[in-house]
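K.L.:
Sequence:
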Amino acid sequence: MDQVVRQVFAVCAVVLALWSALGAQSASPDTPGVVVRWSREIEAREVLLSAGSVFVQTKGALIALDAESGRQIWEQPLGNEESPRRPADPMILLDDKIVVGVAHKVSVFDAGTGSLVSRTEIPGGPARLIAGPPLVVETEWRLAGSVIFRIDPASGKILARQRSNFVEGIFLRDGVLLVKAYRSSPEEAPEMHILSAFRASDLKTLWNMRADWPELHEVDGVAVLSVIADYDRGGRYMPINLQTGELGPPLPRRDPVEAEWGGATWELESVDSGDNFDRMRRNDPASGSPIWTQDVPFPVTGFLRDGSKLYLYGGDGLAVLDWETGRLRQVLKSFQPIRELFLLNESLVAWTFDDRILSFCLSPAV
1 MDQVVRQVFA VCAVVLALWS ALGAQSASPD TPGVVVRWSR EIEAREVLLS AGSVFVQTKG
61 ALIALDAESG RQIWEQPLGN EESPRRPADP MILLDDKIVV GVAHKVSVFD AGTGSLVSRT
121 EIPGGPARLI AGPPLVVETE WRLAGSVIFR IDPASGKILA RQRSNFVEGI FLRDGVLLVK
181 AYRSSPEEAP EMHILSAFRA SDLKTLWNMR ADWPELHEVD GVAVLSVIAD YDRGGRYMPI
241 NLQTGELGPP LPRRDPVEAE WGGATWELES VDSGDNFDRM RRNDPASGSP IWTQDVPFPV
301 TGFLRDGSKL YLYGGDGLAV LDWETGRLRQ VLKSFQPIRE LFLLNESLVA WTFDDRILSF
361 CLSPAV
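Oh and the sequence shown: position 50 is 50 in my numbering, straight run, nothing missing.
In case anyone wonders, no lab produced these hints; they're calculated from the structure.
Label pairs and their calculated CB-CB ranges:
id: 1; residue 1: G52; residue 2: P290; range: 34 to 40 Å
id: 2; residue 1: W74; residue 2: P290; range: 44 to 50 Å
id: 3; residue 1: E218; residue 2: G274; range: 28 to 34 Å
id: 4; residue 1: L206; residue 2: I291; range: 31 to 37 Å
id: 5; residue 1: M238; residue 2: D152; range: 33 to 39 Å
Given the structure is predicted, the values throughout are model-derived calculations rather than measurements. Positions of the beta carbon are idealized from the N, C-alpha and C atoms, including for glycine.
Using the sequences and the hints given, assemble the complete structure.
P.N.:
Written out as structure tokens, the structure reads:
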């Protein structure tokens, strides 16, 4: 076995012993092959992890936990007990700050101390979508479309604004803000969209494009636009120049799939699924041909890649695959119902569907 992995597991075992001596919570359920470093029961609406901290949005507060120990670092009231946003108010990490939109206010907190940096009252409806850097916020505008605001997080000042049709999604990359909007309203011709690009710094229009169900992807480090719904496999995937909107030649077609879901990304997809399995496939971006196909003994709902490792999770299952070969390195079938998985150095942090956040290590694969 890899000596480094053995050493990491040994460290995790020592940490668990120390925490047990101090009364720390152990795994629930007690799963072989897992060493739980810490576990907290907390009713989270949203969870983010960055710079050694776990940031948890709850009903009424924003809480920062130390990612190594699970202890609470700070807590700030949000005033979102009666928030119209369900299940969570929009929240992002922005460099060393946390940005949360609650109703008509966008609040910026220092990630290290929890102190309030700025708070902006935005006109129109409640903040729906937030992206950055730079900080942009989208809100509905009196049932007549949407407005996008560019906000200075340090002062809270609104630097620019841009009107749009009813916005469905925003994507921020390489200094360009892409906005996917309905042509008129969600009820009228919802299959027709307008994709607009704005310069993120001042929201000046760069280009507009009509497209059916456009989505932005990253394939092998390149921005790729897909049009037409993915599920019918009739979609085209084309590299896109974000500054000009110019489209390159379509990517090669992939082999057919039988699963309704289709895939996590263009490169990684579910090709067949059932109540107790998912058949995952990794495609070659250059040819579209399969690199590998691997069955996983549970329905997959999410994934996380860490270099040569691919973590797949769904239900109460967790699997570790080799990214290059698809070899199944480890499977846990009665672990935790994972909602989202995060990487923390040599450990993992899971946000579960049963209101738990826990940090854990996996034993070396045999």
